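Taken in sequence, the protein lines are chains H and R. Here the first sequence stands for residues 1 to 113, where the numbers follow the working numbering. Here the second sequence stands for residues 1 to 113, where the numbers follow the working numbering.
You may find that some hints are simply not true.
[Stated by the list, open to error] Some chain H residues well away from chain R (every beta-carbon gap over 10 angstroms; in silico):
| # | residue |
| --- | --- |
| 1 | Leu11 |
| 2 | Ser20 |
| 3 | Met34 |
| 4 | Lys56 |
| 5 | Ser84 |
| 6 | Gln110 |
[Stated by the list, open to error] Cross-link-like lysine to any residue pairs, in silico, SDA-like; alpha carbons within 20 angstroms at most:
| # | chain 1 | residue 1 | chain 2 | residue 2 |
| --- | --- | --- | --- | --- |
| 7 | H | Lys42 | R | Gly3 |
| 8 | H | Lys2 | R | Arg57 |
| 9 | H | Lys2 | H | Tyr71 |
| 10 | H | Lys42 | R | Leu39 |
| 11 | H | Lys42 | R | Ala2 |
| 12 | H | Lys108 | R | Ala2 |
| 13 | H | Lys108 | H | Val19 |
| 14 | H | Lys67 | H | Tyr49 |
| 15 | H | Lys108 | R | Ala87 |
Derived by calculation from the structure, the hints in this document are not laboratory data. Everything numeric in this text was worked out from a predicted model, so none of it was measured. We treat Cβ as the ideally placed atom computed from N, Cα and C, and that holds for glycine.
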Amino acid sequence: QKEVEQDPGPLSVPEGAIVSLNCTYSNSAFQYFMWYRQYSRKGPELLMYTYSSGNKEDGRFTAQVDKSSKYISLFIRDSQPSDSATYLCAMSASSGGYQKVTFGTGTKLQVIP
Amino acid sequence: DAGVTQSPTHLIKTRGQQVTLRCSPKSGHDTVSWYQQALGQGPQFIFQYYEEEERQRGNFPDRFSGHQFPNYSSELNVNALLLGDSALYLCASSLLESKNIQYFGAGTRLSVL
Chain H
1 QKEVEQDPGP
11 LSVPEGAIVS
21 LNCTYSNSAF
31 QYFMWYRQYS
41 RKGPELLMYT
51 YSSGNKEDGR
61 FTAQVDKSSK
71 YISLFIRDSQ
81 PSDSATYLCA
91 MSASSGGYQK
101 VTFGTGTKLQ
111 VIP
Chain R
1 DAGVTQSPTH
11 LIKTRGQQVT
21 LRCSPKSGHD
31 TVSWYQQALG
41 QGPQFIFQYY
51 EEEERQRGNF
61 PDRFSGHQFP
71 NYSSELNVNA
81 LLLGDSALYL
91 CASSLLESKN
101 IQYFGAGTRL
111 SVL
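Bound conformation, chain H alone:
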C-alpha cells in the first residue's frame, strides 16, 4: 500500500465549475500538507501549505485537512482553462530535524472553455 493515494483522473470539468481534488494517506507521522500544480513539462509549483486540520483559503483555492480521517482536499472555485494542469498532493514527516516529502501520483485536470 502506498503511503499517499491520489486518484490520477483525468478529471474534465466545464469552465466555472467547482473542482474537488483529494488524497488519502496512511502515515500518521505526516505533519505538513501541500498542494502543487504542475504544467506539462514544467516543475511543480507550490499552491497551498497547511500544518493543522481545518481549512485554509487563498483566492479561488481552499485546502482542507482532516487528520482524523487521514484525508486532504483541494477545492478550486470558478475554475478557469488556465487551471488545466496536474495537481499533486504532498505530505511530510520530520526525521532528525529534516523533512522527507512524499508526493501523490497527481490528478490531471482539464477545464473546458
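We have chain H; now place chain R onto it with these hints.
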C-alpha cells in the same frame, strides 16, 4: 531574483553510462532536494543535502549519489544507467527553517537508450 535553475534541460545517454545533473538553488536557500519523476507519476524523493552533507535519503540504490557545494549548488550523479532511470529529475530548494516550502526547478529530462 532567479529561481531554481537546472542544467541541462535534456539529456540522452545509453545503458551503462554515467550522468551528472546540476542545480542552482533559489537565492538565499540552503537546502537542496532531488526527486525522480517518471511519466504519469508523482516525484519520488531521492535525497536531500544541507551544509554539504546528505541528510535524508529515499529508497534509491547507491548508483544515485550527490554533492552540495559551499555556494549551496548541487549535483546528482547516476552511475551504470538503466533503461528504468529514464525520467524527469527535479531539484527543489528551501530554507531549513521553512523546510516544507520547496521551490522546484523545471527539471532535467533524462532518456536512457
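Beyond 10 angstroms from each Cβ of chain R, as asserted for H:Ser20
holds, 19 angstroms
Taking only the CA atoms, is the gap from H:Lys42 to R:Ala2 under or equal to 20 angstroms?
holds, 16 angstroms
Does the structure keep H:Lys108 and R:Ala87 at a Cα separation of 20 angstroms or less?
Cα-Cα ~18 angstroms, so holds.
So H:Ser84 supposedly isn't at the interface. Is its beta-carbon more than 10 angstroms from every beta-carbon in chain R?
holds, 16 angstroms
Would you assess whether H:Leu11, listed as outside the interface, keeps its beta-carbon beyond 10 angstroms of every beta-carbon in chain R?
Holds, because the least Cβ-Cβ distance between H:Leu11 and chain R comes to about 15 angstroms, which exceeds 10 angstroms.
Holds or violated: H:Lys42 to R:Leu39, with C-alpha atoms at most 20 angstroms apart:
Distance of about 13 angstroms is within 20 angstroms: holds.
Given the hinted pair H:Lys42 and R:Gly3, is their alpha-carbon gap at most 20 angstroms?
Given pair H:Lys42, R:Gly3 holds - Cα atoms ~13 angstroms apart, limit 20 angstroms.
Has the given pair, H:Lys67 with H:Tyr49, been kept, meaning a C-alpha gap of at most 20 angstroms?
holds, 15 angstroms
Check the hint pairing H:Lys2 with R:Arg57 against an upper bound of 20 angstroms on the C-alpha distance.
holds, 18 angstroms
Verify this label for me: H:Gln110 is non-interface relative to chain R, using a Cβ-Cβ cutoff of 10 angstroms.
Since the minimum Cβ distance to chain R is about 15 angstroms, H:Gln110 lies beyond 10 angstroms and the statement holds.
For H:Lys56, is the shortest CB-to-CB distance to chain R above 10 angstroms, so the non-interface label stands?
Since the minimum Cβ distance to chain R is about 14 angstroms, H:Lys56 lies beyond 10 angstroms and the statement holds.
Is it the case that H:Met34 keeps its Cβ farther than 10 angstroms from each residue Cβ in chain R?
Non-interface label fails for H:Met34: nearest chain R Cβ at 6 angstroms, not farther than 10 angstroms.
In summary, the numbered hints that this structure violates are 3 and 12.
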